[in-house]
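Peer 1: Okay, here's what each chain looks like letter by letter:
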Amino acid sequence: MGQRGNEKVIIVENLTYAYPTSKDFVLKKVNFEVHRGEVLAILGPNGSGKSTLCKSLNGLVPHFYGGRYGGKVIIDGQEVLNTSVSQLATKVGLVFQDPEDQISGLALTVWEEVAFGLMMLGKPKEEIRQRVEEAIRYVGLEGLEKRSPFELSGGQMQRLAIATVLALRPDVIVMDEPTAQLDPIGKFEVLSVIEKLANEGSTIVIAEHEIEEVAYFADKALVLFNGEVIAYGPVREVLRKVDELKSIGIDPPSVTELAHAIKKELGLEAEYPITLEEAVKIYSELLGVS
Amino acid sequence: MSVGVSLLKKTAVEADTFVQRLDGRVKFLYFLWATVIVYIFYDPYLNLIFVAVTLAMAFYARVAKPILQTLLIIVVPWIAFAVPILALPFGFPWNKTIIGYIDVFGNKYPVYLEGLGWGITWPLRIAVAISSALLFFLTTNQAKLVATLFKMKVPFKLIYMVVATFQFIPLLAKEAETILQAQVARGLRTDVGFVAKIKNYLSVVIPLTLSSLNKVQIRAITLESRGFSAPVKKTLLYEARLMKIDYIFLSLMFVSTAVLAWVYVNIGYSPIAGLSWIWGG
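Chains as they are written, first to last, in my numbering: chain A, 1 to 290; chain B, 291 to 571.
With the rest of the complex left out, here is chain B (with noise of 0.2 Å):
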């Protein structure tokens, strides 16, 4: 099984920290904070803090495996990818304060500050918030979760829709693995070239597409005869309050927001890289 799938396939952690206590939806609000006030900064480093405290709160919570192995997955290649094409010269069209040089072969060639920089606080904005939405699904148990998003007035099938996909991947997953199985049995080859490779897994894709269509109206059925559509007010078992913590830990946020807002006014929006602002930065 991929580290993808596995990671789907792993459910809100049971912990008494006060991560797993806090009210959803106060960690689905940190979530959307820390997202857009990274993407209003064009800083790396101030990235790199909201980064630290997530994963901090993280290791705290028991979550930090799968959300490290997410990142690793999506954003260091990202950077190790991005930052090389975007520092060098025509990789970028905005390049111009040189930082530095590398030698290439022989060659000497210019890193600049702007594609270095772009390089690096795309990928980390994008890990803000990949690293607080995990915080947020793997700290918040189902029950919470479904409650949390229902007291937020989200329509009762979008929700199901939500939760049911972190159920029911893993069991495509392991579809998917018997479907190809029994197509190696069949005499499907997998030790052939890329190309080739793409086209034997269409035998794969398209009966596992078919599968998923007539389990999605099995699903379907099954919900309509326990009474999923029924027009009455679901009882939830579990009912999303604020607590005390969830003061605290909303108080913090407005804090930060107000000394946050006090910096971008005071200092700009690059206050500790010192970046100057390109378009899409």
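Bound-form chain A, shown alone (with noise of 0.2 Å):
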């Protein structure tokens, strides 16, 4: 879990939004905050906005997309609306879903291209040397530094991906259905980095389908169904509510599934667990194992 900060980075208030070829909102009235050192993961089936909501915190919406928008959202004191995206990219990193989508097509080797953004930032050579070789360490690709990004493999690029935005050091990270398109290593390779950065402290925004693995280090959840906020607060509580993630198709952890099965069915209360480390103990003390 992220080290949680009083200070407001990301503030959301009532967002509204539809994209220029469409006649529906992608988003309607959202509102949400996030801490520094705060991660909150967005949740919701397919075509509920989760990443139009990723695209609205870096300003690709409305300033890339353009169409009809409503409402705030301020990050680090700086409205989007009036803040142009090369401004925002030291602000709010984005991690696409695709890793291959992210490949910048001007670097040769995984080094050039974790310093493609800082190069285009102007930052000073030294630094762009210390940066990259720093960015590189943290997701475990030395040693791979001279390779072609296209030769990596899927959880390799994503974390080119990932190394790509820490080398800005931004405020946010961004992370739209990271894992999606990975094998399970792959995904194992990603969500480590991920969850090594939520425990450093990292303000992270992530959108996931994969709600088992960021029940470990969410702090907050934030379920999106239809564009409208259907559930938000903290990971716990949001997850409890088993019958209504799964009637908009959204599956819980399968460890609060249980609980909720069993105070339905035997009527036994007791917490619900949202990781197997915690059913385990909970189910241990019912037991009276030690």
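Check each hint, because a few of them may be wrong.
Mimicking DSS-like on lysine-lysine, the simulated pairs with C-alpha atoms at most 25 Å apart in a straight line are [said to hold, decoys possible]:
| no. | chain 1 | residue 1 | chain 2 | residue 2 |
| --- | --- | --- | --- | --- |
| 1 | B | Lys523 | A | Lys125 |
| 2 | A | Lys8 | A | Lys28 |
| 3 | A | Lys29 | A | Lys241 |
| 4 | B | Lys524 | A | Lys146 |
| 5 | B | Lys447 | B | Lys524 |
| 6 | A | Lys125 | B | Lys524 |
Chain A stretches covered by chain B per the calculated footprint, using a threshold of three residues with CB under 8 Å from any CB of chain B [as the list claims (entries may be wrong)]:
| no. | segment |
| --- | --- |
| 7 | 85 to 91 |
| 8 | 101 to 107 |
| 9 | 116 to 125 |
Bear in mind the hints are in silico, worked out from the structure with no lab data behind them. Note that CB positions come from ideal geometry on N, CA and C, so glycine has one too.
Combine the two chains into a complex, taking the hints into account.
Peer 2: Written as structure tokens, this is what we have:
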């Protein structure tokens, strides 16, 4: 879990948005806040507006897409509507779903790829070198610096994408389903890096299908359905709403579902676990096993 | 994967030779210079000398194979196709000097110098342009290429377009292959006649176009998110700087230009082959 501070890094107020090609709004009066060091998980079925919400945090919505936009998104005191995407690049780092989509096309090696954003922002050479090496080490890609980004595995490529974002040292890291296109090993590699970031106090917003994994490090969760916020609050409270989540196509962690089923079928009142470790502890106590 | 695609997939070959060490601007200038010189003169032998010099540098820099492959695909068929047509009667409007006869099924046909000269000179001019351009691309690594173009005051967006194209064409080819396999799996027949084949390939071209447009948009989003449009001076990790070897190469080009200018004035535009001038030559 993140080391939560009192400072609000993200404030979203009544955010409403429709793409220029669509008459329907994909986000409807969305409200939430993220404090420094917090991890917010955005949950929701396909088409619920998760990706659009992610893109609204770094200004791609509305600056890049256009469309009808209402409400406010404030990142570290700056209103997104009045700040360019390139200015926001140092405040919000966005990791996309498909790792291949994030490759700049101008870099031949992993090292150059990580350096790309810093070069675009005109950082001094020495600072670039230092930051690139740090970011590569952080995501565990040492030894692959001279490899072409296109020769990496899915998990390695997604870690590279995270490194490109980390190198910019943003206030907030936004990840749009970063493990959606990865195999189990790739997912494990990427989630390990995210968990490390979360534990070290980074502010993270992550849209994810893998609720079981996110439950380990998220502080808060926000559930979107058809562009509306269905639930928002501490992750434990949100994941307890098993029936509501399942009714919109979201599967809560298996251990939470099990506790819910036991309560429903047997009337057994017990705290809802959200991770396997918690479940073992709770049921051990219930069964009197030390 | 076709030869063309595999060629594009090739990036600069890293080797420690003087060709790789030459500044990108000097190699780019060599490409422009050679292309202009062979256009000013009208002499296939001179063109061959330029091709030979360029290929010698390419061999030394270990990039001759892709250049030869390209010349084989583009220039050789052109010569093989154009020369027999142009050199024979009615093949070329300026044909007048007969240099021999060929026997085709018992009929004797005259071979004309003008058509033959034109048919060989033009593809060789293209060969000079292609080989010198490829020498530049294949011996200048991407970082140096970007720095070179940047120093030449080429707008950064244009630099990106040039450099990224070389990286993304192989990806597009891979995508086209995937789409083709998917369509074949859904019943698209490829063992049909030429016309039907072209028609069938529309089912690859249309999804490929749509997916490419989508990819372009995603790429634009990615770049934007990584500060591509930031209104600051970009930092380049490599600085293009002229060295001693560059000045020597530039001097050689300068001396060659002076010699060739003397040749042009005193001997003419076709100093070795002695071709007579024709329109479009």
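Peer 1: Take a quick look at whether Lys29 of chain A and Lys241 of chain A sit within 25 Å of each other, Cα to Cα.
Peer 2: With a Cα-Cα distance of about 22 Å, the restraint between Lys29 of chain A and Lys241 of chain A holds, given a limit of 25 Å.
Peer 1: Is it true that the CA of Lys524 of chain B sits at most 25 Å from the CA of Lys146 of chain A?
Peer 2: Given pair Lys524 of chain B, Lys146 of chain A holds - Cα atoms ~22 Å apart, limit 25 Å.
Peer 1: Tell me if chain B covers the segment 101 to 107 of chain A under the three-residue, 8 Å CB rule, please?
Peer 2: Holds, because 7 residues of the segment 101 to 107 of chain A bring their Cβ atoms closer than 8 Å to Cβ atoms of chain B.
Peer 1: Need the status of pair Lys447 of chain B, Lys524 of chain B: alpha-carbon distance at most 25 Å?
Peer 2: holds, 12 Å
Peer 1: With a Cβ-Cβ cutoff of 8 Å, does the segment 85 to 91 of chain A contain at least three residues near chain B?
Peer 2: holds (count 5)
Peer 1: Does Lys8 of chain A pair with Lys28 of chain A here, judged by a C-alpha cut-off of 25 Å?
Peer 2: Holds, at about 22 Å.
Peer 1: Starting from Lys125 of chain A, check that the Cα of Lys524 of chain B is at most 25 Å away, please.
Peer 2: Within the cut-off at roughly 11 Å; holds.
Peer 1: Hint check: Lys523 of chain B vs Lys125 of chain A, CA-CA at most 25 Å. Holds or violated?
Peer 2: holds, 13 Å
Peer 1: Counting residues of the segment 116 to 125 of chain A that have a beta-carbon nearer than 8 Å to any beta-carbon of chain B, does the count reach 3?
Peer 2: Contact hint for the segment 116 to 125 of chain A vs chain B: holds, 10 residues under 8 Å.
Of the numbered hints listed earlier, not one is contradicted by the structure.
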